[in-house]
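Residue numbers 122 to 250, in the working numbering, belong to the letters of the sequence shown in order.
These are computed hints drawn from the structure, not numbers from a lab. It is possible that part of the hints are untrue.
Pair by pair, the computed Cβ-Cβ distance ranges are [said to hold, decoys possible]:
(1) C230 with Y158: 54 to 62 Å
(2) K210 with V157: 38 to 46 Å
(3) A162 with Y183: 18 to 26 Å
(4) A209 with Q174: 43 to 51 Å
(5) H232 with Y158: 55 to 63 Å
(6) Y158 with L180: 21 to 29 Å
(7) F248 with V216: 29 to 37 Å
(8) K177 with P215: 55 to 63 Å
(9) D228 with A162: 55 to 63 Å
(10) F173 with V216: 19 to 27 Å
(11) K217 with L180: 21 to 29 Å
(12) C206 with D228: 25 to 33 Å
(13) L188 with V157: 24 to 32 Å
(14) G146 with C190: 39 to 47 Å
Note that CB positions come from ideal geometry on N, CA and C, so glycine has one too.
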Amino acid sequence: MVVQGAFLAKDGHDAEAEGEAGGAGIVAMLTKPPLVYVVAALILLCVLTAVFQRYKEELSPYLFGLLDCCAGCARGLTAGGQGCCYVAKRCCYPVKESVFFCVDKCDRCLHPHKDKAKKMQADAPTFHF
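The whole structure should be built from the sequences, with the hints applied where relevant.
Here it is, written out as C-alpha cells:
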C-alpha cells in the first residue's frame, strides 16, 4: 500500500510529475529576479564578444583606450581609499589613546588595589634592562 498524500502538493497535483515534465522548474528558476540579471549579463557578454570578434581590427584601439581609462580610475580610487584609511588611522589614534588613558585612570581611582605603582616598595629588588 502506497501513501499518495506524501507526494501531493497543496493544490492536489503530483509534484514529482510536474518536475519531470520538460524541466519547467529550471526555466522558472532562471526567469526569477535574482538569476534573470545574471542570465541577461551572460547573454550581453556573449553578444559583445561576437561583435568584437567580427570587428576586431576596428575596435581594438577603442577597447584598449577604454581599458586604460578604467585602469586609471581604479588606481585613483585605490589610492584615495588608502589615503582615507591613513588619515583615519592618524586621526583616531590619539583619541583612542586618550580614551584608554581616562578609563585606566578611572579604574585606578575606583579600584586602588589594582594600582601597580603603589604596590612597589622602595626596598624591594627590581630588575631593569
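Now the hints, each set against the structure:
no.	hint	verdict
1	C230 with Y158: 54 to 62 Å	holds, 60 Å
2	K210 with V157: 38 to 46 Å	holds, 43 Å
3	A162 with Y183: 18 to 26 Å	holds, 21 Å
4	A209 with Q174: 43 to 51 Å	holds, 46 Å
5	H232 with Y158: 55 to 63 Å	holds, 58 Å
6	Y158 with L180: 21 to 29 Å	holds, 26 Å
7	F248 with V216: 29 to 37 Å	holds, 35 Å
8	K177 with P215: 55 to 63 Å	holds, 57 Å
9	D228 with A162: 55 to 63 Å	holds, 56 Å
10	F173 with V216: 19 to 27 Å	violated, 53 Å
11	K217 with L180: 21 to 29 Å	violated, 53 Å
12	C206 with D228: 25 to 33 Å	holds, 31 Å
13	L188 with V157: 24 to 32 Å	holds, 28 Å
14	G146 with C190: 39 to 47 Å	holds, 43 Å
Consistency note: the structure conflicts with the earlier hints numbered 10 and 11.
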